[in-house]
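Chain residues, written in single-letter form:
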Amino acid sequence: GAVVSQHPSRVICKSGTSVKIECRSLDFQATTMFWYRQFPKKSLMLMATSNEGSKATYEQGVEKDKFLINHASLTLSTLTVTSAHPEDSSFYICSANTINRVQGLYNEQFFGPGTRLTVL
Amino acid sequence: GNSVTQMEGPVTLSEEAFLTINCTYTATGYPSLFWYVQYPGEGLQLLLKATKADDKGSNKGFEATYRKETTSFHLEKGSVQVSDSAVYFCALGWRFGAGTRLTVKP
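Residue numbers (our numbering), protein chains in the order written: chain A, 1 to 120; chain B, 1 to 106.
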């Protein structure tokens with residue numbers, strides 16, 4: 001199956017700093033990548049959808065100025081948590097597929113292993 | 001809008017017991033439905049899927065049937081194993097259910 005990697009797998013930072021998380025599709029071209037946040041013992045909350053070469057589409061309630069998403073190439077999307085605070089501590093997961101947001105209803109997603117962010 | 005409602009659990013079963021995890025959905029049109037599994041310490045992976053009404057997805061002994069009349073996609077397995085212990089997520093596109101933690105005891 002398609003492989004998606006995330007880096008770093010774990011990061012600890014001080015409050016007020018910014019953290020960048022990378023999501024890469026290793027063996028396929030991902031026109032669409034999804035970013036999720038998973039709270040302990042909770043489900044995945046979709047944060048945003050990014051399509052290669054265009055602006056990300058954020059879900060209601062997600063601050064786009066705080067969670068910057070860039071999808072500059074067909075194999076890489078980045079999520080930058082700006083001015084991180086302890087409440088941003090969470091498990092961030094990306095997924096990817098080769099089709100657009102609408103068609104995504106019909107196709108499986110390939111998930112990265114996740115990034116554990118801890119903000120002190 | 002599209003959404004899924006999933007039985008939250010946690011669910012604890014003895015080995016060889018029968019498993020059902022309920023999932024119902026609300027959708028416009030007829031999107032595909034998915035069950036994903038997250039084993040301890042691993043990323044999410046697709047367990048099975050169904051692309052249209054009355055389709056049955058199956059994998060590793062798990063089954064789920066896309067039922068339009070009851071808007072359901074319940075996950076079942078006739079005889080669970082300790083190795084099935086994981087968190088199971090029902091999904092409609094990128095919309096996920098709450099996840100159900102399954103623990104199977106020997």
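Worth flagging that the hints you see were computed from the coordinates, not collected in a lab.
All values derive from a computational prediction rather than experimental measurement.
Backbone N, C-alpha and C fix where the C-beta goes; we use that ideal spot for every residue, glycine too.
Just to be clear, a hint being listed does not mean it is correct.
As the list claims (entries may be wrong) - Residues from chain A that face chain B, not an exhaustive set, calculated with beta carbons under 7 Å: (1) PHE34; (2) PRO40; (3) LEU44; (4) PHE91.
To be verified - Here are the simulated lysine-lysine pairs, DSS-like style, with alpha carbons at most 27 Å apart: (5) A:LYS20 <-> A:LYS55; (6) B:LYS105 <-> A:LYS42; (7) B:LYS60 <-> A:LYS41; (8) A:LYS42 <-> B:LYS49; (9) B:LYS49 <-> A:LYS41; (10) A:LYS55 <-> B:LYS105; (11) A:LYS42 <-> A:LYS14; (12) A:LYS41 <-> A:LYS55; (13) A:LYS20 <-> A:LYS42; (14) A:LYS41 <-> B:LYS52.
Hints, verified against the model:
{"no.": "1", "hint": "PHE34", "verdict": "5 Å, holds"}
{"no.": "2", "hint": "PRO40", "verdict": "11 Å, violated"}
{"no.": "3", "hint": "LEU44", "verdict": "5 Å, holds"}
{"no.": "4", "hint": "PHE91", "verdict": "11 Å, violated"}
{"no.": "5", "hint": "A:LYS20 <-> A:LYS55", "verdict": "17 Å, holds"}
{"no.": "6", "hint": "B:LYS105 <-> A:LYS42", "verdict": "23 Å, holds"}
{"no.": "7", "hint": "B:LYS60 <-> A:LYS41", "verdict": "25 Å, holds"}
{"no.": "8", "hint": "A:LYS42 <-> B:LYS49", "verdict": "22 Å, holds"}
{"no.": "9", "hint": "B:LYS49 <-> A:LYS41", "verdict": "24 Å, holds"}
{"no.": "10", "hint": "A:LYS55 <-> B:LYS105", "verdict": "47 Å, violated"}
{"no.": "11", "hint": "A:LYS42 <-> A:LYS14", "verdict": "25 Å, holds"}
{"no.": "12", "hint": "A:LYS41 <-> A:LYS55", "verdict": "31 Å, violated"}
{"no.": "13", "hint": "A:LYS20 <-> A:LYS42", "verdict": "23 Å, holds"}
{"no.": "14", "hint": "A:LYS41 <-> B:LYS52", "verdict": "30 Å, violated"}
In this structure, the hints that do not hold are numbers 2, 4, 10, 12, 14, in rising order.
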